[in-house]
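K.L.:
For what it's worth, full-length UniProt numbering labels the leading residue of the sequence shown as 1, then goes sequentially.
Read the hints as simulated data drawn from the structure, not as lab findings.
Certain hints may be false.
[Stated by the list, open to error] With beta-carbon atoms standing in for the labels, derived distance ranges: (1) Q15 - P81: 32 to 40 Å; (2) Q46 - S12: 34 to 42 Å; (3) D75 - Q19: 23 to 31 Å; (4) R17 - T40: 15 to 23 Å; (5) Q46 - M79: 37 to 45 Å; (6) G38 - D9: 16 to 24 Å; (7) S42 - A14: 18 to 26 Å.
The structure displayed is predicted, hence computed values, not measured ones.
Think of the CB as a built atom: it goes at the ideal place given N, C-alpha and C, for glycine as much as any other residue.
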Amino acid sequence: MAVMPQSADHLSAAQLRLQEQRRMMLGRVVESLRRERGMTQSQLAQAVGISTRGVIRLESGATSPTLDVFCRFADAFSMRPSELLRRAEALSARPRD
Numbered sequence: 001m002a003v004m005p006q007s008a009d010h011l012s013a014a015q016l017r018l019q020e021q022r023r024m025m026l027g028r029v030v031e032s033l034r035r036e037r038g039m040t041q042s043q044l045a046q047a048v049g050i051s052t053r054g055v056i057r058l059e060s061g062a063t064s065p066t067l068d069v070f071c072r073f074a075d076a077f078s079m080r081p082s083e084l085l086r087r088a089e090a091l092s093a094r095p096r097d
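All chains should be modelled from the sequences, with the hints used to inform the complete structure.
P.N.:
Rendered as structure tokens:
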């Protein structure tokens, strides 16, 4: 399987800001769902099949998951991937305090 390049060199400043905002919102949603379900980061990592550090990096907005990993997060929360994405999008649409 071919791997798509991850370089952001071709993105504008506005695209980079939006990308960062989306990573942060997804991280906040994942952390919130994990806490609601009484899971530790280690338990979520095990359920998703990634390292605990991977969960920490995702929750902090430091990284984006692949589509496969994103779907496994949704599975771990017993929801459709579209619902996980909808929650992250809804959070990013809220006005900031």
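K.L.:
Are the hints correct? Go through all of them and say.
P.N.:
Outcome of the hint check:
no., hint, result
1, Q15 - P81: 32 to 40 Å, "violated (23 Å)"
2, Q46 - S12: 34 to 42 Å, "holds (38 Å)"
3, D75 - Q19: 23 to 31 Å, "holds (24 Å)"
4, R17 - T40: 15 to 23 Å, "violated (32 Å)"
5, Q46 - M79: 37 to 45 Å, "violated (18 Å)"
6, G38 - D9: 16 to 24 Å, "violated (42 Å)"
7, S42 - A14: 18 to 26 Å, "violated (37 Å)"
Hint compliance for this structure: hints 1, 4, 5, 6, 7 are not met, and every other hint is.
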